[in-house]
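Novice: Given chain R, put chain Y in place with the hints provided.
These protein sequences, in sequence, are chains R and Y. This note's numbering puts the first residue of the first sequence at 2, with every later residue one more than the last. This note's numbering puts the first residue of the second sequence at 98, with every later residue one more than the last.
No lab work stands behind these hints: they were computed from the structure. Treat the hints with care, as some may be off.
To be verified - Calculated lysine-lysine pairs in the DSS-like style (CA-CA distance at most 30 Å, straight line):
1. R:Lys19 / Y:Lys198
2. Y:Lys167 / Y:Lys198
3. R:Lys18 / R:Lys66
4. Y:Lys208 / R:Lys72
5. R:Lys58 / Y:Lys208
6. Y:Lys198 / R:Lys18
7. R:Lys58 / Y:Lys198
8. Y:Lys152 / Y:Lys198
9. Y:Lys208 / Y:Lys167
10. Y:Lys167 / Y:Lys152
11. R:Lys70 / Y:Lys198
12. R:Lys18 / R:Lys70
13. Y:Lys198 / R:Lys66
14. R:Lys58 / Y:Lys167
15. Y:Lys152 / Y:Lys170
16. R:Lys72 / R:Lys19
17. Y:Lys170 / Y:Lys208
18. R:Lys58 / R:Lys72
This is what each chain is made of:
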Amino acid sequence: EAQVTQNPRYLITVTGKKLTVTCSQNMNHEYMSWYRQDPGLGLRQIYYSMNVEVTDKGDVPEGYKVSRKEKRNFPLILESPSPNQTSLYFCASSLLNPGRGEQFFGPGTRLTVL
Amino acid sequence: AQTVTQSQPEMSVQEAETVTLSCTYDTSESDYYLFWYKQPPSRQMILVIRQEAYKQQNATENRFSVNFQKAAKSFSLKISDSQLGDAAMYFCAGPSSGTYKYIFGTGTRLKVLA
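Chain Y with its partners taken away, still in its complex shape:
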C-alpha cells in the first residue's frame, strides 16, 4: 500500500540551530516528485521544497534542504539556522502509485525556542 509516514509528532529546536524532520515514502513508481509543505498558525499551506526522485542531487532552498535516500525510502527535511518564523506544522507529501491521488503524512509540529 502507498504510505507516507512521519514518525515525529512534535520536535523542538533552539533558535539558530539545525533540525531534521523525518519522512518515509513507499512507492512502486520510478519517477515522481516529493514535497514538503509548511502550515503556520494561519493554517495556510505553503510549499517549502520539492525533490525529483530520479535526480541524484538533493534539493536546496535557502535554509531548507532535503536528504533523499531513494533505496531507503527516506525523505527528510533539514532546516538550518532555525528562526522563530519556522515554527509550524510540516507535512511531507507525494503521489499515490498508479493513481492521481495525493498523499500526506500526519505532520510534525516544530517548535522554535528563543
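Okay, chain R solo, but in the shape it has when bound:
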C-alpha cells in the first residue's frame, strides 16, 4: 500500500530534550516536506527536500533540522525543543515539485513540549 508513515504519533517531552520524528514513504517520491499545524494558522512549511542530500528552508525553519540521506526517509530533528514547538506535525511527499503534483500526507505527530 502506497503510504507515508510517521513515528511516533504522539509525543510528550520536556524542554531541551532532543527528539527525532521519523518519516518514510514507499512511493519513490522525489519531494518530501515537513509542516506544522497550529490553530488559526493553517499548515506552515518547516523544511522541504527536492531529492537526496538536497534540502531547503520553508517558512518556519527555526529550531528544526532535517536530513535526507535516503530517498524514502526524511526525519525531523528538534535539537532543543521549546514549548512554542508544541504542535501537530505532518510529513508529506510528492512525485513532482509542489507546483505540479499533489502531496501525500502522513497521519500526523502530536508533539507536546512541557
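Specialist: This is chain Y only, laid out in the frame that chain R set:
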C-alpha cells in the same frame, strides 16, 4: 509576497444543500496547480481536487468543483448535495512563486447540519 487567503474561518450548510468555500491566491507564476485538501476529525489530510492554472475548464470531481478565476486570483470550492461526511477543515494550497515551497491557507471549518 506569495499569499493564499481563506477569509471564512467557519461555514455551515444544511445537508443536501450547496456551499462555496472561498480562496484567493496571489502568484507571479503563469503555469501551476492549485489544490483543495480536506482534513476530517481524524486529522488525515486528503486531496479533494486540483486545478491546472492554464486550463480554461474548471475542475470537477463528483460533487466537488472549483471556480477558478485567474485574473481575479480566486479559487473557490463548491460542494453540491452536502453530506454529513463533508464536515471537516478545508485548506486551499499552492506553490510559492520562484521556489519549491508550498503554501496553505488558514483553513475553513465546514459544519454540515442534519
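Novice: Each of the hints needs a verdict: does it hold here or not?
Specialist: Quick rundown of the hints versus the structure:
no., hint, verdict
1, R:Lys19 / Y:Lys198, "26 Å, holds"
2, Y:Lys167 / Y:Lys198, "21 Å, holds"
3, R:Lys18 / R:Lys66, "14 Å, holds"
4, Y:Lys208 / R:Lys72, "39 Å, violated"
5, R:Lys58 / Y:Lys208, "35 Å, violated"
6, Y:Lys198 / R:Lys18, "29 Å, holds"
7, R:Lys58 / Y:Lys198, "8 Å, holds"
8, Y:Lys152 / Y:Lys198, "22 Å, holds"
9, Y:Lys208 / Y:Lys167, "28 Å, holds"
10, Y:Lys167 / Y:Lys152, "10 Å, holds"
11, R:Lys70 / Y:Lys198, "20 Å, holds"
12, R:Lys18 / R:Lys70, "24 Å, holds"
13, Y:Lys198 / R:Lys66, "16 Å, holds"
14, R:Lys58 / Y:Lys167, "28 Å, holds"
15, Y:Lys152 / Y:Lys170, "14 Å, holds"
16, R:Lys72 / R:Lys19, "24 Å, holds"
17, Y:Lys170 / Y:Lys208, "26 Å, holds"
18, R:Lys58 / R:Lys72, "18 Å, holds"
In this structure, the earlier hints numbered 4, 5 are contradicted, and the remaining ones agree with it.
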